[in-house]
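Asks: One letter stands for each residue in the lines below.
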Amino acid sequence: MSVLQEISSNVKNMKQLEYSDLARRMTQIKEDLRQGVEKPFKEVIDVSWGDPHRGGMKPLTFVRQVLAACVYPQLMNDNKLPVDVRQRAQKLLDGCAGRSVGSYSATQGIPEIVQRVSEFISRRDGGVPSNPENIFLCCGSQWALSRILNVLVNAEAAFTTGVLAPAPCYRTTTLSIEGLGGVVIPYYLSEEQGWELQVEELQQALESAGGACNPIALYVINPGNPTGHVQSRKSMQEVIRFASEKRLFLLADEVYQGCIYGEKEFVSYKRVLAEMGPPLSDTVELASFHSASKGFMGECGLRGGYVELVNLDPAVKKYIYTLFTADSSAPLLGQIALDLMTNPPLPGDPSYFQFDQETQHIKSTVDKNVKKAFEVVNSLQGFSCPAVEGGAFAFPRIHLPAKAIQKAKEVGMQPDTFYCLKLLEEAGVLVSPGSDFGQKEGTFHFRFCILILHDVLEELLRRLTLFHTQFMKDFS
Amino acid sequence: MTTSLDFVNPRVRAIRVSEQTLLESLKPFKGVIDVSSGDPHRTGMKPISFVRQVLAVCLYPHLLQDNPFPPDVKLRAQRLLQICEGGSLGSYTASSGLHHVRQTIADFITKRDAGISANPKNVFISSGAQRALMVVVKLLSGGEGLTKTGILAPQPCPHTLPPLLDEAGVLAVPYRLMEDRGWALDLNQLRQALESYRGRCNPRAIYISNPGNPTGHVQDRKSIQEVVQLAAAEKLLLLVDEVYQDSVYGQNTEFLSYKRVLFEMGREFSETVELVSFHSLSCASVAECGLRAGYMEAVNMDPDVLKVFDTMLCTDISAPTTGQLALDLMLNPPEPGDPSYDTHAQELLLTRTVLTRNAERALEVLNDLPGFSCQPAMGGIYLYPRVQLPAEIREQAEMLGLEADVFYCQKLLEEEGLLLGKR
Numbered sequence: 001m002s003v004l005q006e007i008s009s010n011v012k013n014m015k016q017l018e019y020s021d022l023a024r025r026m027t028q029i030k031e032d033l034r035q036g037v038e039k040p041f042k043e044v045i046d047v048s049w050g051d052p053h054r055g056g057m058k059p060l061t062f063v064r065q066v067l068a069a070c071v072y073p074q075l076m077n078d079n080k081l082p083v084d085v086r087q088r089a090q091k092l093l094d095g096c097a098g099r100s101v102g103s104y105s106a107t108q109g110i111p112e113i114v115q116r117v118s119e120f121i122s123r124r125d126g127g128v129p130s131n132p133e134n135i136f137l138c139c140g141s142q143w144a145l146s147r148i149l150n151v152l153v154n155a156e157a158a159f160t161t162g163v164l165a166p167a168p169c170y171r172t173t174t175l176s177i178e179g180l181g182g183v184v185i186p187y188y189l190s191e192e193q194g195w196e197l198q199v200e201e202l203q204q205a206l207e208s209a210g211g212a213c214n215p216i217a218l219y220v221i222n223p224g225n226p227t228g229h230v231q232s233r234k235s236m237q238e239v240i241r242f243a244s245e246k247r248l249f250l251l252a253d254e255v256y257q258g259c260i261y262g263e264k265e266f267v268s269y270k271r272v273l274a275e276m277g278p279p280l281s282d283t284v285e286l287a288s289f290h291s292a293s294k295g296f297m298g299e300c301g302l303r304g305g306y307v308e309l310v311n312l313d314p315a316v317k318k319y320i321y322t323l324f325t326a327d328s329s330a331p332l333l334g335q336i337a338l339d340l341m342t343n344p345p346l347p348g349d350p351s352y353f354q355f356d357q358e359t360q361h362i363k364s365t366v367d368k369n370v371k372k373a374f375e376v377v378n379s380l381q382g383f384s385c386p387a388v389e390g391g392a393f394a395f396p397r398i399h400l401p402a403k404a405i406q407k408a409k410e411v412g413m414q415p416d417t418f419y420c421l422k423l424l425e426e427a428g429v430l431v432s433p434g435s436d437f438g439q440k441e442g443t444f445h446f447r448f449c450i451l452i453l454h455d456v457l458e459e460l461l462r463r464l465t466l467f468h469t470q471f472m473k474d475f476s
Numbered sequence: 001m002t003t004s005l006d007f008v009n010p011r012v013r014a015i016r017v018s019e020q021t022l023l024e025s026l027k028p029f030k031g032v033i034d035v036s037s038g039d040p041h042r043t044g045m046k047p048i049s050f051v052r053q054v055l056a057v058c059l060y061p062h063l064l065q066d067n068p069f070p071p072d073v074k075l076r077a078q079r080l081l082q083i084c085e086g087g088s089l090g091s092y093t094a095s096s097g098l099h100h101v102r103q104t105i106a107d108f109i110t111k112r113d114a115g116i117s118a119n120p121k122n123v124f125i126s127s128g129a130q131r132a133l134m135v136v137v138k139l140l141s142g143g144e145g146l147t148k149t150g151i152l153a154p155q156p157c158p159h160t161l162p163p164l165l166d167e168a169g170v171l172a173v174p175y176r177l178m179e180d181r182g183w184a185l186d187l188n189q190l191r192q193a194l195e196s197y198r199g200r201c202n203p204r205a206i207y208i209s210n211p212g213n214p215t216g217h218v219q220d221r222k223s224i225q226e227v228v229q230l231a232a233a234e235k236l237l238l239l240v241d242e243v244y245q246d247s248v249y250g251q252n253t254e255f256l257s258y259k260r261v262l263f264e265m266g267r268e269f270s271e272t273v274e275l276v277s278f279h280s281l282s283c284a285s286v287a288e289c290g291l292r293a294g295y296m297e298a299v300n301m302d303p304d305v306l307k308v309f310d311t312m313l314c315t316d317i318s319a320p321t322t323g324q325l326a327l328d329l330m331l332n333p334p335e336p337g338d339p340s341y342d343t344h345a346q347e348l349l350l351t352r353t354v355l356t357r358n359a360e361r362a363l364e365v366l367n368d369l370p371g372f373s374c375q376p377a378m379g380g381i382y383l384y385p386r387v388q389l390p391a392e393i394r395e396q397a398e399m400l401g402l403e404a405d406v407f408y409c410q411k412l413l414e415e416e417g418l419l420l421g422k423r
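Chains G and D are the protein sequences, given in the same order.
Letter 146 of the first sequence, counting from 1, is numbered 146 in the working numbering, and no numbers are missing.
Letter 271 of the second sequence, counting from 1, is numbered 271 in the working numbering, and no numbers are missing.
If you are wondering where the hints come from, they were derived from the structure by calculation, not from laboratory data.
Quick list of in silico lysine-lysine cross-link-like pairs, DSBU-like style, CA-CA up to 35 Å:
no.	chain 1	residue 1	chain 2	residue 2
1	D	74	G	363
2	G	409	G	42
3	D	235	G	15
4	D	121	G	407
5	G	409	D	307
6	D	74	G	42
7	D	121	G	58
8	G	80	G	58
Chain D side only, calculated, beta carbon under 8 Å to chain G, not exhaustive:
no.	residue
9	60
10	66
11	90
12	142
13	167
14	317
Because the structure is a prediction, the values reported are computed rather than measured.
Cβ coordinates follow ideal geometry from the N, Cα and C atoms, glycine included.
Okay, chain G solo, but in the shape it has when bound (with noise of 0.2 Å):
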């Protein structure tokens, strides 16, 4: 007997990616590396994820440091680290349980890490306020996305609960979504307008799904991912207002409010929201995520997420509080990401200079990032790709000939992880294909992350136009 003979069906929902098979190849194509195997590139490229360190973004000094001397508080015996190191490490271990990053802290995260990310979120929404009972720090934001979903998504009901999610949108979010036997609703962006957010595509979606399911909630993703969008306040207000509308639940996954590129600025939905004044402020339900995994710091792997809920029936919030107790606590090094970046050194501060200069050496990167990304896809035949405002990604349209096409669906593969296929095995560079995601039928787009440094990026570029010319001509 084996257990896959009868797996729970939400579980057998959750798809695996195309990205998985291209993932595996590029595994094996390390392997020969290793081997001494000769191919045309001395080592593969991985832009597939959103992770700057991977990119070789260099982790910032100061936030290293803390986390070292809270790890080893002896290191802090021989005053070799700047005192604002020094001092924010005693403050912090002297909120943990036994003085150690090893114990567990309350559910919701230690309190005064819980109380300067309050602290953080009013400075950054203009002075709205923001009350820690409703923070919760948890393993990524991901995870708190999970548990609020977990919250709202009943696989017993008559109807299958829905939850609206963008098309395109980062596959992690509509995995949990299936995984918890809930369904997702699509919503097209309009690709013609940057990616834009339309709410008529609210609308269509809604009637698409007709009787077919209960939806309940709206997943929002600014800036986005992989689209690279950055809302406009109007935007906002009217996903606001159709949320009330529909009686939907709000969820804004907010975590590369640190990544704006151009001229466009980052409002929270909390924002927003508030500024809209009674009733909706009042009374739309809304969940927003926020992380130490992007942005400046780029902490992927401490797993240090939040959510702050917003408006919530303090009857529900009780279970929301029941199902983040049984987890235990977030990781404390995560919790100690957080309140790092929402509180950095300021002028004046010995750590300030260095942090000050590694920062806008980041930003300045990305910036050129940004712009070269744009001119050089935008001159290869059969791109189309709009500026990236915001986030971790350049998300490329490939028009692919139609002889691709044929080729791809002859050895049983979408067209474009056809392309990415052949991109990783010719050049060495992986990205990820536009099918797992989720694009108009007969689009074909790829994902790469821009939170690289430079001359990667310029490798990448070059790899990418030598094998897309080529690639032009055998499919022509």
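Starting from the known structure of chain G, arrange chain D on it as the hints suggest.
Replies: Chain D alone, transformed into the frame defined by chain G:
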């Protein structure tokens, strides 16, 4: 409000709130001695130096140049940084964990089980053992009414188990442990539990905690064999929580893993019984609960199921990288001859000594108190005394709508500042 109570997922509404949570929320003052959860650092046990030194260097590699850390610390940190993407533990890893660490775990298991080999493909790293357990339980969950999945669960069991089963929509099928025999497992109890619940649900697995949480019982080979035979006969998946395997201190007691016993039972069992065992950083020796990493090893499971494990772990992206590295340090510690070996060995010995002494002393004191009786523990980090409460106390508790032992614990907290756990 859109989301009133009516809309809340009924499974979430059904999660039993552990009384421990209720007690914790009552903590009135700072000088409380909190021994309610398995969190050694909380009460002053010190972390293992080697672990903390290597992690500090991994976090801040500048320490490689400018610091008098022992050479083996620096070497290990360099090695571990090499396996992290971009040379940083700020990167995500594969969903099932860093391959190098999975290999370390497999090597540890092989050595522990006298050469019975473990394959890293069967090892899955997660953000704590509970997370891995939830993955497997969710996989098993399904059915409704009479076909609803059931899992045999010990009474008493770890306080985290009932909420986990509730959340997964799985029924707990309780089997009593025998208090008068040091909380031993009894085959008859297991059989009885199966019989009585067979008509009411679909039992698909047995959950075991060995060394026992909260009981401190350590199963001998015969006891483990009996469970394995039952699992084979009844076609049940074995879910074995072995987190406290490193803290067996009873006289003439040794820890035997379920896997080892299974493989030493001959092919009829070793090739067919499906088993998943769990371990984590939240154990006695390193006790790095706050770093949040654990793993499961799957034995005799379909490779397609293993793929599903990986997909399910994808929704967390990956376990904290620092936790994964700490697993490597825990399971591949300094060896004799290494510069850090002596300190490391001393620290482990100290933990063990404290544990053993505490167990003896606490047992003495408790068994001297009127109304208390406590079985000696052989392993793990808890004692689980029984207390006969006088009628007066029981009445007062009833008037307040509390269970008598919860009431007792509450008063103990209020009057003496001592927080215990209650099952």
